[in-house]
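So the sequence shown is numbered by this note's numbering: it starts at 1054 and just counts up by one.
What the hints contain is simulated information worked out from the structure, not anything from laboratory work. Hints may contain errors.
[To be verified] Taking lysine to any residue and the SDA-like style, the derived pairs with C-alpha atoms no more than 20 Å apart in a straight line are:
1. 1525 - 1608
2. 1483 - 1546
3. 1352 - 1608
4. 1301 - 1079
5. 1540 - 1486
[What the hints assert, rightly or not] Per label pair, the in silico range of CB-to-CB distance:
6. 1633 - 1388: 49 to 57 Å
7. 1599 - 1188: 21 to 29 Å
8. 1646 - 1301: 46 to 54 Å
9. 1286 - 1142: 41 to 49 Å
10. 1441 - 1301: 40 to 48 Å
11. 1544 - 1137: 51 to 59 Å
12. 1137 - 1441: 52 to 60 Å
None of these values were measured; they are calculated from a predicted model. Heads up, the beta-carbon is just placed ideally off N, CA and C, and yes, glycines get one too.
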Amino acid sequence: MRKLALSDEILLSIQQPARYIGGEVNMVVKDPSQVDIRFAMCFPDAYEIGMSHLGIQILYDMFNRREDIYCERVYSPWTDLDKIMREQQIPLFAIESQDPIKDFDFLGITLQYEMCYTNILQVLDLGQIPLHAADRTEADPIVIGGGPCAYNPEPLAPFFDLFYIGEGETVYFDLMDRYKEAKAAGKSRLEFLEMAAQIPGIYVPAFYDAEYCEDGRLKSFTPNNPHAPATVTKQLVMEMDGAYYPEKPVVPFIKATQDRVVLEIQRGCIRGCRFCQAGMVYRPVRERGLEHLKELAYKMLKSTGHEEISLSSLSSSDYSELEGIVNFLIDEFDGKGVNVSLPSLRIDAFSLDVMSKVQDVKKSSLTFAPEAGSQRLRDVINKGLTEEDILHGSAEAFKGGWNRVKLYFMLGLPTETEEDMEGIALLSQKVAEEYYKIPKEERVGRVQVTASSSFFVPKPFTPFQWARMCTKDEFLHRAYVVNHKMKEMVNHKSLKYNWHEADLTVLEGVLARGDRRVAAVVEEAYRNGALYDSWSEHFHNEIWMKAFETCGVDIDFYTTRERSLDELFPWDFIDAGVSKDFLKREWNRAMAGEVTPNCRARCSACGAMKFGGGVCFESKN
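Please build the complete structure, drawing on both the sequences and the hints.
Structure representation (C-alpha cells):
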C-alpha cells in the first residue's frame, strides 16, 4: 500500500479527497530510485479541470514511455486543502509517488489561460520552491512553462527558468538529454540553462533584458547571454500520425469536466478569424490519418471503459476525412453504448447530416458561433459566415428535430457600432422565426434561442493585436444595448441573453498583452489572496485593482491605448510562424472590411509554409 502524503484525518475533512490520492486506472507506476529524471507535470487549476487537458495527457504518456524519466501529475489544491497545507507546512506533492515536488528535477506548468496565473504562484509557494527563478538554488527543480499563454510569457518571466514555445512533442527529449548530460558532468543550474537556450523553441527569460521608452512603451528586447538567440522559433509536429498519443489515458475516480475519450483529428485551422489566437499560432493545419484514428479509438475505448468519444480540433468540419471517421465510429460503437460527440462544427448541411447521425433521439442544443451580429462586422473579423448560412443552418436543424440553439458572439470588436450590437438581438430573432415557419403540428415544443456574448481581448499574434480594448464601462454599455434590444423583439420570450464578466475581461487583457512589469502585479495580487481567478465565485476584482495601484501599473496602458503599426510588442522576439507583415496586411484588410479566403481556397502568404508541410503543401503533391 502506498503511503499517502495526507493523513486520513485531512482527507476526511476536505472536499473530493480523490483529487489527491492517485491510484486511478492507467496511472503510471515506476520506482523513482530507478530513473534519471523526475518530472512533475502541473495544470494550475483543480484536478477535474486538469485531468481533461489533452496536452498533459500526451506529454504524460510520452515522457513515461522512456525508462529513464518518471513523469507525475500535480494540480492546484482546492481552497480547503490549501489552507490546511499552509497551516501544517505540508509541501505540495505529486499524485503518483506522493513525494514533494521540490525534490523533482523539473516542474512543468501548463499555461492554458491567463486567469490561472495566481494559481501558478500557489503551486510554487505550496511546493516550497522560491517564486522567483533568480532565488532558486541547485537544490530546486527547473521550472518550465508551456502552452498557449507561453506565446506572451513576459508577465510570468520572473517566475520561470524556461519557457517551451510550441508543441511539446518536438524538442522535450532533447532538453531532457541535455539535462542528463549536464547532471552527469556536474554542471551548474546556469550552465544547464545556457545549454537549454540553444535548443530551438526554448526561451530562458533571465538571458534577455527589456528596455523601456519614457512613455512606457518597449524600447528594446535583447539577449544578455551569448547562448541565447535573438528570436525563439515555435516548435511544431509536422507528421501527426507518427506523433505520440496516449493509448491508455488515466481515468479519474471523480467526474472530470470531460469524462470521455478524446480523439484529436487535426491541429491548426484554415479559417483565419482575425480575433483568434489559436487559429494563427497553430498554423499550418496538420491532419491525423483515418486509419490511425480508427486504431486509436479502439485502443482508448478499450483501455478506459469510457462511454463517449469526442473529436477534437479547432474546426472539425474542415477535417478532410470527417465523414469517414464519423461513419466508422457510428458503425463500430453505436450499438455498444458509446456516444459520439462532435464539437466545433460549422452549421452547414453536411455537418447537420453528420450530427443527426450521432445524436440520440433526445436532441440536445446546437451551437453556432456567428461572433458578430451584422454582416459588416463578420467581414471585419473574417468569420466567413453569412446570415443566409446561419438562418439556413438553423432552419435545417429545426426541421431535423432540434429546438434549442445557442449563439455565441463577441462584444467590443474593432469598428463595432451600435447597429452591430443590436444586430445580435435581430439575428437571434430571425433564428427563432425560422422555427415558427415550420407547421405547428411538426414542431417539437417551444424554441429556445440563447445568445451569449464574451468581451473581446486583442491577443498576441492575431491581426487584432494592434486594436484597442474597451473599458469595463464600455463593455457593460454594449451588453446593455443588446439586452435592451432583445426585450423589444417580438419573440422575446423565446430568446435569452447572457454576457461575460467585464472586469475579468479587462484583467485578462492586461495579462495577455502585458510585459515584465505586470509580473509584480500578479505577485502582489497573489500575496493578498487572489486565487482561482477563473472561478467567478473566487474572483475578487478589488484585490487586483489594489495590486495595480500598489505596483504603479496603469491598466489602460495595456488595454485601451491605441498602438501604432511600428510599436515593438513584448512578444515580438517569438517567431510564431505567422509573419508580422501578414498580420499587418490582415489588420488593414479588416479596417477595409475585406474578407481573406481560407487556406485551402487560396494561400494568403502568412509565413507558415516555412514549416514544410500540412495544408500549405496539400495541393503541391
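Straight-line alpha-carbon gap residue 1525 to residue 1608, limit 20 Å: Since the Cα atoms of residue 1525 and residue 1608 sit roughly 11 Å apart, the hinted pair holds (cutoff 20 Å).
Distance restraint between residue 1352 and residue 1608, which requires alpha-carbon spacing of 20 Å or less: Distance ~49 Å between residue 1352 and residue 1608 Cα, so the pair is violated.
Supplied distance hint 21 to 29 Å, evaluated on CB atoms of residue 1599 and residue 1188: holds, 25 Å
Assessment of proposed distance window 41 to 49 Å (beta carbons of residue 1286, residue 1142): holds, 43 Å
Pair hint residue 1301 and residue 1079, alpha-carbon separation not exceeding 20 Å: holds, 6 Å
Cβ separation of residue 1137 and residue 1441, checked against the hinted range 52 to 60 Å: holds, 58 Å
Restraint check for residue 1540 with residue 1486, where alpha carbons must lie at most 20 Å apart: holds, 16 Å
Range hint 49 to 57 Å (beta carbons of residue 1633 and residue 1388) holds or violated: Roughly 53 Å apart at Cβ, these two residues keep to the hinted range, so it holds.
CB-CB spacing for residue 1137 and residue 1544 relative to the 51 to 59 Å hint: holds, 52 Å
CB-CB spacing for residue 1301 and residue 1441 relative to the 40 to 48 Å hint: About 46 Å separates the Cβ atoms of residue 1441 and residue 1301, which means 40 to 48 Å holds.
Holds or violated: residue 1483 to residue 1546, with C-alpha atoms at most 20 Å apart: holds, 14 Å
Range agreement (Cβ of residue 1301 with Cβ of residue 1646, hint 46 to 54 Å): Distance hint for residue 1646, residue 1301 holds at roughly 50 Å.
Of the numbered hints given earlier, the model fails hint 3 alone.
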